[in-house]
Structure formats: C-alpha cells, structure tokens
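Here's the letter readout for the chains.
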Amino acid sequence: MDELEKLYQTTYGAVVRFLYRKVWDADRAEDLAQEVFMRLFQHRPEKPRAWVFAVAANLARDEARAAIRRRKHLTLMTNDPGQAPSRIAAADEIVEHDEQMAAVQEALGTLTHRDQEVLLLWDAGLSYPEIARQTGLAVGAVGTTLARARRRLVDAYDRQHLDDSRGHAAHS
Amino acid sequence: MIREAMRHIPEEELHAYLDQALSRTQCVEIESHLAACDRCRLERDAIASLRDRTTALLATLAPRRRIGPSFELLSERAAARSARRAGRLRAAAWAASVLLAIGIGWGARAIEFQGAGPAEAAPIAARSEDPAVEGPLRDSSAAGIELAAEAPAEPAVDRAAAPRSRSAPAPAPRQATGNAREAPPLASSPAGRPALSEPSATMTSSGQLPSESFNVATGTLFRTVSWDRARFERGESVPRIAGLPVVEVQLAGSRGDDSRPLMVVAQQLESGQVIRTIEGPATDVNQLLASQRPDASSPWPTIGDDGIAGADGAMAVRRGDRILAITAPLPSDSLRAMIRRLNASERQGGESGQ
Chain L
1 MDELEKLYQT
11 TYGAVVRFLY
21 RKVWDADRAE
31 DLAQEVFMRL
41 FQHRPEKPRA
51 WVFAVAANLA
61 RDEARAAIRR
71 RKHLTLMTND
81 PGQAPSRIAA
91 ADEIVEHDEQ
101 MAAVQEALGT
111 LTHRDQEVLL
121 LWDAGLSYPE
131 IARQTGLAVG
141 AVGTTLARAR
151 RRLVDAYDRQ
161 HLDDSRGHAA
171 HS
Chain Z
1 MIREAMRHIP
11 EEELHAYLDQ
21 ALSRTQCVEI
31 ESHLAACDRC
41 RLERDAIASL
51 RDRTTALLAT
61 LAPRRRIGPS
71 FELLSERAAA
81 RSARRAGRLR
91 AAAWAASVLL
101 AIGIGWGARA
111 IEFQGAGPAE
121 AAPIAARSED
131 PAVEGPLRDS
141 SAAGIELAAE
151 APAEPAVDRA
161 AAPRSRSAPA
171 PAPRQATGNA
181 REAPPLASSP
191 AGRPALSEPS
201 ATMTSSGQLP
211 SESFNVATGT
221 LFRTVSWDRA
231 RFERGESVPR
241 IAGLPVVEVQ
251 LAGSRGDDSR
261 PLMVVAQQLE
271 SGQVIRTIEG
281 PATDVNQLLA
291 SQRPDASSPW
301 PTIGDDGIAG
311 ADGAMAVRRG
321 DRILAITAPL
331 PSDSLRAMIR
341 RLNASERQGG
351 ESGQ
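Chains as they are written, first to last, in this note's numbering: chain L, 1 to 172; chain Z, 1 to 354.
Quick caveat, the hints were computed from the structure, so don't treat them as lab data. Mixed in with the good hints there might be a few duds.
[As the list claims (entries may be wrong)] Have a look at the derived ranges for each label pair, beta carbon to beta carbon:
1. Glu46/L with Ala35/Z: 39 to 49 Å
2. Arg70/L with Arg41/Z: 47 to 57 Å
3. Gly125/L with Ser70/Z: 20 to 30 Å
4. Arg231/Z with Arg44/L: 45 to 55 Å
5. Ser32/Z with Asn58/L: 23 to 33 Å
6. Arg24/Z with Ala26/L: 35 to 45 Å
7. Asp31/L with Ser32/Z: 16 to 26 Å
[Unchecked claim] From the derived model, a few chain L residues whose C-beta atoms are all more than 10 Å from chain Z:
8. Arg39
9. Ala107
10. Arg150
All values derive from a computational prediction rather than experimental measurement. Virtual Cβ for every residue (Gly too), placed ideally from N, Cα, C.
In isolation and in its complexed conformation, chain L is listed as follows:
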C-alpha cells in the first residue's frame, strides 16, 4: 500500500474531527478534510502527517475568517445591533448536538487559541515535536501548554456542569 494511502486510511477520521472542532459543521469539516488530502496527493510533502494537520489548520483559519466576514455582512443586513447573529447561528448549531457536546464545545471555547490548538493537535495524534513545529512553540513548552489546556478544559466543563445542576435540581 502506498504510504499516502496508508496515511489517508489512518488519518482521515482524525482530520475530519480536528476540522470539525474548528468549524463546527460536519459537512464542511468533511469537505475541508477531502481538500486537505487532495492537496496532499498533489504535493506529496516529505512529512505528510504533520503537513496534513498544518494545512487543515490553515484551511480552518481561512474558514473562520470567512465566517466572520459573513457574520459582519449578516449583521449589516439584519440592521439590528441588539441582535448578534453569531449567537443565533451558534445556538442553531448547538441544538443539533446533544447537551454534553454543547457543554464541551463551550468549555473548549474558554481556552485561549493556542491552548486549543495544542490540545486538538495532540488529540489528533501529533507528537510533541510535530505540535511544536506547527505552533511555533518550543518542544519543552508543549507539555506546559497541554497541562494547562487539559486543566482548563476540565475545569470549565465541571464549572458549567455545576451551574447546570444548580439550575435543574433533577439533572443527573
């Protein structure tokens, strides 16, 4: 089996998840993941796995910028400064997920961009040196960042859960 084919079979799911956690749209995440792999097949870089996630991160960033532009446009169109379309769009999306998912998503949102990036790259299976290269951190700083990111994610989630249980006494 071709090296790239093997990588595709083993990494496609991780790339979709990585992208999904950035764009929060399953279809879009798949589209972008396929774009990533098509570019991989065209370019055939030396370190394909790290390359794949670097490109995925770039595409997700472009996507986020485009989303901000769309939101600005939408805001102009609705002509209602009191209404933040981004919140509504986000809420619409969230309805589709189950409650826990929404809670984790929100918890993840409390992390800084760098902490999120390192955490998601780790979860996608990248090594410390690979994460360091992609984020520009020193390899030694990856552990520190991951330690902080993990703590903050769990803390934010638990805090939210606590608020929830106060709100709904019957909540399990």
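Dock chain Z against chain L, hints included.
Structure of chain Z alone, referenced to chain L:
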C-alpha cells in the same frame, strides 16, 4: 534532573511522561523518583485521570462517523486537478509568449507575464513539438518558423525595414502587399486587392477571420484601413506579431462609448497562411470568436475575467474588459511553437544587433 526525592516532578513533566514524549533517560529518572515518592505518584494518577477525562470530553466533539471517499476516488480527483492546473500554466506560458511577441498596447499588466515568457520560449526547439503537429500543418508551422528565423528574401526586407523593437512600426504596406500577392490565394484575404495601399477606408461587412466560413453574427461592420490610418487611430498599440508582414488591418465601428473599438490585424506567413491578431472590448472579441466557430461541437469558450483560453485555431488572453486573441489555421501546438520561434528570433536579432 531529578536527583533527590525532595524535588518533586513538575506537572508538565508528568504530562510529557504520560504522553510518552520524554527520552528513555528522562523516563528512567522519573520512574525511579516515582518509586520513592508518594506525593508524585498521587500527582501522576491525578494527571492520568485528567488526561483521560480530556480525551473522553473531546471524543464527544466528533461528527457522526461517515465513510470518506475512497483513496482511489480522491487521488483521481487530485490528479485531475493537477492536470487542469498544468493546463492553465501552459496557457499562461502561452499567453506570456503572445504578449511578448505582440508587446505594446497591453499595458503594465502585460509586463508581469513577460517574465515567464522567455524561460518557456527560449530552449524549446520547434522540432520537438512536431509530433503534435499533423500533416500539412507541420509544413505551415515550419514555414512560419523559417520566415522568422532564417529571414528569406522578401520578408528580410520587411524585417530590415522594421526594427525589432516592439514599438517599431510594422512592415511597409507595399512590401506586405507584394508578399500577399505572391503567396497562394487566400479565401480570407480580398483576392489581389492591395489591402493596405489605399489610404481611404473601405467598408467591408466581414471580420474575415482565417476560417472561410466566418459569418457576421456579431453584426459589426468592419472597415479595412491603411496601416497609416491604423497607426493614426491606435498609435503604438496596434496589436500585431513582430516580425511578420502585415497584410490587412480591419477596424470595427465605434461602439459609441469611449472604448477603443475592436481591431483585427492580419499578418501572413510565407506559406500564405494568415494569422490574425484581434484586440478589443471583451464582449466584442468573444462574439467574434464565437461566430468564427459555428460548429457546436467545439464552441469557442467565452473568456471570463482575466481568463486565458486556447483551442486549435485560436488563443486568447483577457485583461479586465479587453481581450487579445490570435487566430490562425493551425492547431494550438503549432501556433504556440511558431510564437515561440518568433520570440526567440526577435531576441536573437536584438542581441546580435541585426
């Protein structure tokens, strides 16, 4: 690093340890410390559970698992895209050489193309492209090349008369006309009429592109004008291929706005075949090109914004609202090879001071 039990293992090092991101030596140090230190063992367990919880939480953030496209499908799509890209690059290189050959009148943006031109054009011998050229067209291509490179008798006069600078005037009308007379008769050229010797404009109703079946679907009226008239109307920006005698210049009627009207400059290869350079407002050129290819099987594509298009018989490049096109009864490869050779000989001529 960890020499005594008094110094406990920092949190981030335990993370790195559990993430298997430490060297063998570091692991040994940590493990020997853990064996002796209850507090660090508890800390390690806490971090391990934090780590597991993080992984579990993130695991919820996944779209429903769907099966991606097969590797084969995706690589095919990638390959198709690479091929399209390569085609665009070839077209861009072609456009570069056309702009190099035609030179002036296409503004500053044409200049950025020129960088790509010479590299593409220079080392390629037309012979290497010959297999792509079929039958009689091979001859015509070669003839065009010889005309440019070898400069035989009559065109040599033209070439001598016309300095190689792109801003130079085209060959003198009389010489060009003489050349046209000696050449085999052209269906697309007014038979025997000295096209450029009459100073006054004559009206013709046809764009007279190389295709004999050209029809006037555009409804545009063309005037055949003299070279002087063309230069008077368009100054230095008469579109043409340097190094080839001009046999006819046609000018479309003004559209009533400020834009320069469409202009068709016919130039002749020694073989008698006519190459026409068309420059004008995008819509007009698109219409003209479309009307030139009446067969629906291979319609000329409409050239979009800043697009480049090429097919057998014609090539075009668009800049903003204007299009520059070249048509010739040659397959695109021959046309391209010919342009390359003209470029190369122009450069050679310039370098040797001929």
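Evaluated hints:
1. Glu46/L with Ala35/Z: 39 to 49 Å: holds (41 Å)
2. Arg70/L with Arg41/Z: 47 to 57 Å: The hint (47 to 57 Å, Cβ to Cβ) holds, given that Arg70/L and Arg41/Z are roughly 51 Å apart.
3. Gly125/L with Ser70/Z: 20 to 30 Å: The hint (20 to 30 Å, Cβ to Cβ) holds, given that Gly125/L and Ser70/Z are roughly 22 Å apart.
4. Arg231/Z with Arg44/L: 45 to 55 Å: holds (53 Å)
5. Ser32/Z with Asn58/L: 23 to 33 Å: violated (43 Å)
6. Arg24/Z with Ala26/L: 35 to 45 Å: Because 41 Å falls inside the window, the suggested range holds.
7. Asp31/L with Ser32/Z: 16 to 26 Å: violated (50 Å)
8. Arg39: violated (8 Å)
9. Ala107: Violated, since 7 Å does not exceed 10 Å.
10. Arg150: Non-interface label fails for Arg150/L: nearest chain Z Cβ at 4 Å, not farther than 10 Å.
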